[in-house]
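Undergrad: Each residue of the sequence shown is one higher than the last, beginning at 22 in our numbering.
These aren't lab readings, by the way, just hints derived from the structure by calculation.
Worth double-checking, as some hints may not be accurate.
To be verified - Okay, the calculated beta carbon distance ranges per label pair:
hint, residue 1, residue 2, range
1, Ser267, Glu352, 50 to 60 Å
2, Glu352, Gln298, 39 to 49 Å
3, Pro123, Ala318, 50 to 60 Å
4, Val367, Asn288, 22 to 32 Å
5, Val367, Asn185, 23 to 33 Å
6, Ala275, Arg64, 58 to 68 Å
7, Pro123, Phe293, 18 to 28 Å
8, Ser181, Ser282, 14 to 24 Å
9, Thr354, Ser285, 16 to 26 Å
10, Asn288, Arg64, 54 to 64 Å
11, Lys360, Pro45, 20 to 30 Å
Here the structure is a predicted model, which is why all the values come from computation and not from measurement.
Even for Gly, the Cβ is constructed at its ideal location relative to N, Cα and C.
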Amino acid sequence: MGKIVVPGKEILIPRVVVRPLLPPPPTFSTRLQPQHLHWQVGRYKERLTSGPGGLGRGKVWVVEREAEQHNLILNQTYDSLMAQYDLLSLARYAVVGTGSTPPDPTQTGLVSEVARQDYGSLLPHALVSDHVYDISATIEFPETKVGGRNLTEWGFSPVSTPGNNLMVRELFRDGSSNPVVLTLATDQRLRLIYKYRVSFFPNTAQDVSININGLGVKTGRFILVRGYPGFYHLLQMMREFMTGVSVLFRVLSAFLPLNPSDASYYNGTQNFSISYQTYTSGSRTRKTQPLTIPNTAANITWATFGLGKYDGPDYVTNQVIARFVFNSGQEFTKNDLYKITIGEWVLTWGP
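Taking the hints into account, I'd like the entire structure generated from these sequences.
TA: Encoded structure:
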């Protein structure tokens, strides 16, 4: 409050403080969604086949019953599993059982598990569009595990041991979404083909501001870019960040493109490992520790900084995936008089 003093009285007046309206700090997020399950009951049968060596006999998969159905992802996937397990291993193990309880997102396991089958490695993925990936698992239960059984429920898990560790649980359903019992003969197999989708944001450049301790507030634009498919790309960096695997904080003197499809590599030796805060169960949020750059490091012009990877001069893996590009005139040149601190980076996820 301010005041005006006149003879015999004091008048208080409110103080009005005008501050510039700044964009929000940079944030990025992940969305995990179910796609569908395609189940097949069948056998391998010998057939006459032709190949480079001529005619011969071989076994082919013959489907005798099948359907495709929708499903839901369980709450514990978002609350705990995504922070512990690679996005490409959430559905590594297929699980089947004999329970009939309707599915609910609060469930954690099958009602009555009878078999679990391993895909054998990280699951394959396909780039649907910039920042959108489909991850799929095709897993086959042999006759020794499911032959002669009456199966009613299924799920997928990142864990090999039986228990309450599923990412998804559902009943087997026909093409009309009605629950069904899969009665398998002793020589029949069950094949489950499951797909889920992950999307990453922002997929377009966002106006943001960032408070750099030692310099103050700087404005710029923030985006996630595709990176180099097959070597180091958006999905790989987000898999690492989400589970607390260290990625590099990189500083460059160039204004990098804000094109979401950018796959170019960028040299530059000013790279620093980041560490993470302890994950809080149920928060669906991963945060880094603040990063302090000493006065002896990164004494260059800062035009872009971000998260990515660096393997040496002229490697295509030298990527800056999550990038903050300073607005023109906001870049600065650091020297050995400055020790600056970059605040936490925050990743959130959900359905």
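Undergrad: Is it true that alanine 275 and arginine 64 lie within 58 to 68 Å of each other by Cβ?
TA: Once the Cβ atoms are compared, 60 Å apart, the range 58 to 68 Å for arginine 64 and alanine 275 holds.
Undergrad: Could one say that the CB atoms of serine 181 and serine 282 fall in the range 14 to 24 Å?
TA: violated, 38 Å
Undergrad: Taking the CB of proline 123 and the CB of phenylalanine 293, does the distance hold inside 18 to 28 Å?
TA: violated, 50 Å
Undergrad: Given the range 50 to 60 Å, decide if the beta-carbon distance of serine 267 to glutamate 352 lies inside it.
TA: With Cβ atoms ~27 Å apart, the hint is violated.
Undergrad: Within 22 to 32 Å: is that where the Cβ-Cβ distance between valine 367 and asparagine 288 falls?
TA: holds, 28 Å
Undergrad: Is 16 to 26 Å a correct range for the gap between the Cβ atoms of threonine 354 and serine 285?
TA: holds, 24 Å
Undergrad: Using the Cβ atoms, figure out if glutamate 352 sits within 39 to 49 Å of glutamine 298.
TA: Given about 29 Å between the Cβ atoms, the range is violated.
Undergrad: Taking the CB of lysine 360 and the CB of proline 45, does the distance hold inside 20 to 30 Å?
TA: Cβ of lysine 360 to Cβ of proline 45: about 26 Å, so the range 20 to 30 Å holds.
Undergrad: Just to be sure I understand the hint, the distance between the Cβ atoms of proline 123 and alanine 318 should be within 50 to 60 Å; is that true here?
TA: Holds: the Cβ-Cβ distance is about 57 Å, inside 50 to 60 Å.
Undergrad: Taking 23 to 33 Å as the stated bounds, is the beta-carbon spacing between valine 367 and asparagine 185 within them?
TA: holds, 29 Å
Undergrad: Honestly, do asparagine 288 and arginine 64 meet the 54 to 64 Å range at C-beta?
TA: Since the Cβ atoms of asparagine 288 and arginine 64 sit about 56 Å apart, the hinted range of 54 to 64 Å holds.
Hint compliance for this structure: hints 1, 2, 7, 8 are not met, and every other hint is.
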